[in-house]
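Trainee: Sequence:
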Amino acid sequence: MNIRSYLILMTALIFMLSACSEKVSTDLTQTAFIPQPASVTATGEAFEINTSSVIYVEEGVQGLQTVADYLAEELKRMTGISLTPQAASTAPSKGIYLSVNPNSDLKTEGYELNIGKKLISVQGTDLAGAFYGIQTLLQALPVKAVAGEPLYVATGVVRDFPEYGYRGMMLDVARHFFSVEDVKRVIDLCAYYKINRLHLHLSDDQGWRIEIKSWPKLTEIGGSTQVGGGKGGFYTQEQYKEIVQYAMNRQIIIVPEIDMPGHTNAALASYPELNPDGKARELYTGIEVGFSTLATNMDITYKFVEDVIRELAAITPGPYFHIGGDESHVTKHDDYVYFINRIQPLVTKYGKKIVGWDEIANADLEEDVTVQFWSNVKNTSMGLEKGAKVLVSPGARTYMDMKYDSTTVLGLKWAGLIEVDHAYTWSPDTVVPGLQKEQILGIEAPLWSETLEKIEDIEFMVFPRLPGYAEIGWTANELRNWDEYKLRLAKHGKRFEDYNINFYRSPLVPWVNE
Numbered sequence: 001m002n003i004r005s006y007l008i009l010m011t012a013l014i015f016m017l018s019a020c021s022e023k024v025s026t027d028l029t030q031t032a033f034i035p036q037p038a039s040v041t042a043t044g045e046a047f048e049i050n051t052s053s054v055i056y057v058e059e060g061v062q063g064l065q066t067v068a069d070y071l072a073e074e075l076k077r078m079t080g081i082s083l084t085p086q087a088a089s090t091a092p093s094k095g096i097y098l099s100v101n102p103n104s105d106l107k108t109e110g111y112e113l114n115i116g117k118k119l120i121s122v123q124g125t126d127l128a129g130a131f132y133g134i135q136t137l138l139q140a141l142p143v144k145a146v147a148g149e150p151l152y153v154a155t156g157v158v159r160d161f162p163e164y165g166y167r168g169m170m171l172d173v174a175r176h177f178f179s180v181e182d183v184k185r186v187i188d189l190c191a192y193y194k195i196n197r198l199h200l201h202l203s204d205d206q207g208w209r210i211e212i213k214s215w216p217k218l219t220e221i222g223g224s225t226q227v228g229g230g231k232g233g234f235y236t237q238e239q240y241k242e243i244v245q246y247a248m249n250r251q252i253i254i255v256p257e258i259d260m261p262g263h264t265n266a267a268l269a270s271y272p273e274l275n276p277d278g279k280a281r282e283l284y285t286g287i288e289v290g291f292s293t294l295a296t297n298m299d300i301t302y303k304f305v306e307d308v309i310r311e312l313a314a315i316t317p318g319p320y321f322h323i324g325g326d327e328s329h330v331t332k333h334d335d336y337v338y339f340i341n342r343i344q345p346l347v348t349k350y351g352k353k354i355v356g357w358d359e360i361a362n363a364d365l366e367e368d369v370t371v372q373f374w375s376n377v378k379n380t381s382m383g384l385e386k387g388a389k390v391l392v393s394p395g396a397r398t399y400m401d402m403k404y405d406s407t408t409v410l411g412l413k414w415a416g417l418i419e420v421d422h423a424y425t426w427s428p429d430t431v432v433p434g435l436q437k438e439q440i441l442g443i444e445a446p447l448w449s450e451t452l453e454k455i456e457d458i459e460f461m462v463f464p465r466l467p468g469y470a471e472i473g474w475t476a477n478e479l480r481n482w483d484e485y486k487l488r489l490a491k492h493g494k495r496f497e498d499y500n501i502n503f504y505r506s507p508l509v510p511w512v513n514e
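Last residue of the sequence shown: number 514 in this note's numbering, and the count goes up by one each step with no gaps.
Rather than coming from a laboratory, the hints here were simulated on the basis of the structure.
Hints are not guaranteed to be accurate.
Stated by the list, open to error - Derived DSBU-like pairs: lysine-lysine, alpha-carbon spacing no greater than 30 Å straight-line: (1) K241 <-> K279; (2) K184 <-> K413; (3) K454 <-> K217; (4) K117 <-> K23; (5) K184 <-> K386; (6) K107 <-> K23; (7) K437 <-> K389; (8) K349 <-> K386; (9) K117 <-> K217; (10) K107 <-> K279; (11) K454 <-> K486; (12) K241 <-> K184; (13) K213 <-> K184; (14) K332 <-> K349; (15) K117 <-> K94; (16) K437 <-> K107; (17) K437 <-> K494.
Only a predicted model underlies this, so the values are computations on that prediction, with no experimental measurement involved.
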């Protein structure tokens, strides 16, 4: 080797060594996490993710491999790097390590994300905690990796847990029907922000959306239309189970709702015997409410209700069954109370916990019932007096089908306009006088679909409000502040774009476009 070649080689080696030893300075505390974690500390260095990185999974933890597979899929989508998870009997010295420690001092669904220079450790108190630690890790990554450039993650420690165990979204698939793929898309978007419940409004005046094998005309007739007279649709029980499993893989529990005794015209159109006069009602494609009711004094009604509960409970592994109960305006008060009292034991008979809109508080509530506050404080207070828990969904704050402002094309405005700041600047423990935190099951943001026909419509009304609801459910009140939150939300605009979300660019948020 001549002297010139030797000098070139030595120069290259020196460059490579200096590049390898070059310190990358970072600050994990400046990451725009949503929801805001309980605590974040930074150590100022960086972990590099590359093609030689390995995802390790603690052996013997049921379901953790599915969580690791999810991480691998998201990393590939975001970075183009394919990593195959592999089991590990002991914690590795480098790579990405997923584990579960039920003896952690963190609460249920909590996690510790420890990002070191050589090892990223995600330890959950349970499977859900590990999954949420992954979501926080993914938010620590650049929105999109640049091919050929190093991919660094800021080092530090995140210790985190949720304020409320129920952090939900409701999707109305009855007014307009949405496909299995559309529902899976909603599930994915919920999972990104640690939402853990998806309440499906499966029946209403305009459509019946779930196959009930003992009453097949519910979907044959009742599922045949929707608002505006479209073709409607329904989920077979196999499709519903597919949705349930997809959600479970993302730590989301499906909460099915069959609304009754009102909001039942689709059922009344399907079966004449459910009507006192024995005549089927006409199918309905409008958006008015309160005109329909099951006959509360006929035995066939309760056979129908029990069959529906039995079949749906059998394919719903989650603990909840939502019985509706709202806006039953043409049902006499005493008949309404009789109906709710009579169907409650049918829900518990099939192993489910009862959830219902706040009107059900007028009945004699059984143990472990949850009243969903949406409108009536008096009803909700009555439910509290009867020992019920409260699921907080104030219409004027959480109804995502409300317009953002007067120029919004989609949505309604009967509960008011809900801009992004109005959706965020409230607390669950202040909406009902005397409501204590320990009486709150959690928070849910409903999306009714009178004006929504396609997935892009859903996305526009949900984003950017849903991340704020997720933070209200996850983060302690004292850690939340609109002026600070809107700056974090602004940085998520690029993430929304990366997820191909059709979102509303609120003028109240200083969106980051670079």
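Trainee: Could you run down the list of hints and mark each one as holding or not?
Mentor: Results of checking the hints against the structure:
Pair hint K241 plus K279 does not hold up; C-alpha atoms about 33 Å apart against a cutoff of 30 Å. In summary, the hint linking K184 to K413 is supported, as the alpha carbons are separated by about 28 Å, within the 30 Å threshold. A hinted pair counts as satisfied when its Cα atoms are at most 30 Å apart, and K454 with K217 qualifies at roughly 26 Å. The straight-line distance between the Cα atoms of K117 and K23 is roughly 10 Å, inside the 30 Å bound, and the hint therefore holds.
A threshold of 30 Å between alpha carbons decides the hint, and for K184 with K386 the separation of about 37 Å lies outside it, so the pair is violated. Between K107 and K23, the direct Cα distance comes to roughly 35 Å. Violation of the 30 Å bound is thereby established for this hinted pair. Between K437 and K389 the alpha-carbon distance is near 10 Å, which keeps this suggested pair within the 30 Å criterion. Proximity of K349 to K386 is assessed by CA-CA distance (about 21 Å); at most 30 Å being required, the pair is judged to hold.
At most 30 Å may separate the alpha-carbon atoms for a hinted pair to count; K117 and K217 exceed this at roughly 61 Å. The straight-line distance between the Cα atoms of K107 and K279 is roughly 55 Å, outside the 30 Å bound, and the hint therefore fails. For the hint pairing K454 with K486, the CA-to-CA distance comes to about 28 Å; that is within 30 Å, so the pair holds. Taken as a hint, the K241 and K184 pair is honoured in the structure, with Cα atoms around 12 Å apart against an allowance of 30 Å.
Straight-line distance between C-alpha atoms of K213 and K184 comes to about 24 Å, which keeps the hinted pair within the 30 Å bound. Between the alpha carbons of K332 and K349 the distance comes to roughly 26 Å, so the proposed pair stays at or under 30 Å and holds. Of the supplied pair hints, the one linking K117 and K94 holds, its CA atoms being roughly 9 Å apart against a limit of 30 Å. As the CA atoms of K437 and K107 are separated by approximately 16 Å, the hinted pair is consistent with the 30 Å bound.
Proximity of K437 to K494 is assessed by CA-CA distance (about 35 Å); at most 30 Å being required, the pair is judged violated.
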